[in-house]
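Each protein sequence line maps, in turn, to chains A and B.
Mapping of the first sequence onto my numbering: residues 3 to 355, in sequence order.
Mapping of the second sequence onto my numbering: residues 58 to 364, in sequence order.
Possibly wrong hints are sitting among the right ones.
Claimed, not checked - Which stretches of chain A does chain B cover? Using the computed rule of at least three CB atoms under 8 Å from a CB of chain B, they are:
id: 1; stretch: 68-78
id: 2; stretch: 89-100
Claimed, not checked - Result set (DSS-like, lysine-lysine): computed pairs, CA atoms no more than 30 Å apart in a straight line:
id: 3; chain 1: A; residue 1: K16; chain 2: B; residue 2: K170
id: 4; chain 1: A; residue 1: K16; chain 2: B; residue 2: K168
id: 5; chain 1: A; residue 1: K29; chain 2: A; residue 2: K181
Hints listed in this document are in silico derivations from the structure and should not be mistaken for laboratory results.
All C-beta atoms, glycine included, are put in the ideal place defined by N, C-alpha and C.
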Amino acid sequence: MADVALKNITKRFKTVTALKNVSFDIKDGEFFVLLGPTGAGKTTTLRVIAGLEKPDGGSVLFDGQPVDHLTPSDRDVAFVFEQYSLYPSMSVYDNLAFPLRSPLRNLSKDEIDRRVRETARKLRIEHLIERTTAHLSGGEMQRVSLGRALVREPRLFLMDEPLSNLDAKLREALRVELKHLQKAQGSTTLFVTHDQIEALTMGDRIAVLNKGSIVQIGTPEDIYDRPATTFVAQLVGTPRINLHEATREDDTLHVVDSTIHLPMPGKEALPSSFLLGVRPEDVQIHSEGDFPGEIVLTEPLGVETILHIKAGEKTMLSLVPGMTTLRIGDQVRFNIIRQRLHYFRLDGTRISV
Amino acid sequence: MATTQAISGGQSRRRRQLSDAALLRLFIFPTLILIILMNIFPLFYSLYLSFTDYSAITRQAPNWVGFKNYSDLLSDKQMWIYFANSGRYALLSVGLQTLVGFGLALLLNEKFKGSGFLTTLILVPMMLSPAVVGLFWKLIYHPSSGIFNYIVTFGHPTAIPDILASPKLALWGIIIVDVWMWSPFVMLLCLSGLGAIPDYIYEAAAIDRASWWRQFWRITLPQVAPLLMIAVLFRTIEAFKAFDVVMPMTAGGPGEATELIALNLYRQAFGGQWRTGRASALAYIILIIVIGISNVYIRFLNKIRGD
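Starting from the given sequences, assemble the full structure and let the hints guide the process.
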């Protein structure tokens, strides 16, 4: 396993700039997640690291050594493709054995067999081993595709949305499995996803990518509790963060067009006009709460319920545990946890106070 | 409003006069009649004739002779020479076409400037009339004025014999023409097979550290094989029917060096005594051979497809 560094990677496709000065480091044994919406440049980043794409600028380093001149084969990375990329007309066994049979590896037949069967056991696809890939379901193909990466001992695992095509139950199961495997093997992994839950649950560190630029790099706590921009704040967390325009008059913060007026002394650093972010779990219904509102919608999820509370012209989302007896039209009062407020400039960047 | 109603009313009335079923019959029957007259009737009639001593130029009704034509043909040593000629021709010509066609497809699958134009250009021989091809290749092979000997010998055309007059080389002469004319067909099928292999499979293979050679053997070839087999099947069938190019070039000569079985069939049917019955029997023997070979191919094809 290796540590990996990207230095100012820039990649252009004709007129589109896919990556702009992307730099980050992945430490040896780290589970690093690239999070971003579709078209953010996540897959391009992976392909540049794997050597499938040549960057227009910048450098990729493995263990401090530049690998820019190396072919994908020489970089010795494992890649789990989003579209599986299994070899058609080969059995599952042959698919798993394919990377091991490379003459560059020179492994004995017994060693290959041992490793293929061990990987199949780990991914619970032993019963599929004789089948051809044409006769597999999406989830099974995904496992084989993962297996083809895990069977090797590469310097780095690159995974491009490997769980995206699975149904919810299987995705949850594989999420846990994958994290177990990664920790057990201590493998350096770069995992690409657009799913913030995958990012938060699996990542040791997360890099948030938007329109080809890194927005923030940090631990899941950093990303969730201290989002660098409104983009990051809105990308992570379901339901979405409440983000409203607000003003400061002396020691009171006013959410524009709403019933929310917060007396907050000592916030002189805030400009007179800014964006206020409140996580839904920090909006709490309380019979003697500070602010009045009206329930306009409830979304019961079982373990918790999302309440849409209209406070003046603005709607605040609130996440409450369990099911609720509140009905649409009910008048309620609520509190906001003041220690956990997020402040952003109008251009979207975080204000630290 | 009134006029549109009138128009749509008129259309529906006409449609009522010609129902869907009637329209269906109107389109199908002319073709069906043509197929019955031109294909199905001759098929069965020639089967019948193959058991008779019929000759199309005598005015005598066919006499039933049973399997005499078949046993005569199969015990005739001359016939085996012609079959052997056809077999050799089919094997060499189809083999070479496959190699050349697949090679061309691999080259043209790499997109470069002008590759589309080049592909079109390479397809031209396929579109020419076989009789014309035979005639102008005869000129190309001409020992003194033809370009072939001139090029192959770097300007000393008399250094090698007249290809089409040489008993050893004449078969090669027609094989070269067939390869020239039909390699593009193999190429075309292979190109469509190659085009259907997604790039990401090769990317996965590159990541898995497979060499070019390994990628070719384990990915490219298995993926193209079904189409390649179809091309081989078509060309083999055609090779056993080869007539129109060979006739104007060598007419079976020199001696019997290029007397292919289809050529001989023509001679028996329409030359000398017009032995229609015997020719029909020969046609059926060829048909059975071709069906047999096709079956072997199709089995193999199903096997490599894996189901």
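Okay, the hints, checked on the actual structure:
1. Given a C-beta distance limit of less than 8 Å, the hint that chain B covers the stretch 68-78 of chain A holds, as 4 residues qualify and 3 suffice.
2. Counting residues of the stretch 89-100 of chain A whose beta carbon lies closer than 8 Å to any beta carbon of chain B gives 5, which reaches the threshold of three, so the coverage claim holds.
3. About 18 Å separates the Cα atoms of K16(A) and K170(B), which keeps this hinted pair within 30 Å; it holds.
4. This hinted pair checks out: K16(A) and K168(B) have alpha carbons roughly 18 Å apart, not beyond 30 Å.
5. In summary, the hint linking K29(A) to K181(A) is supported, as the alpha carbons are separated by about 16 Å, within the 30 Å threshold.
Going down the numbered hints, you'll see the structure goes against none, and every one checks out.
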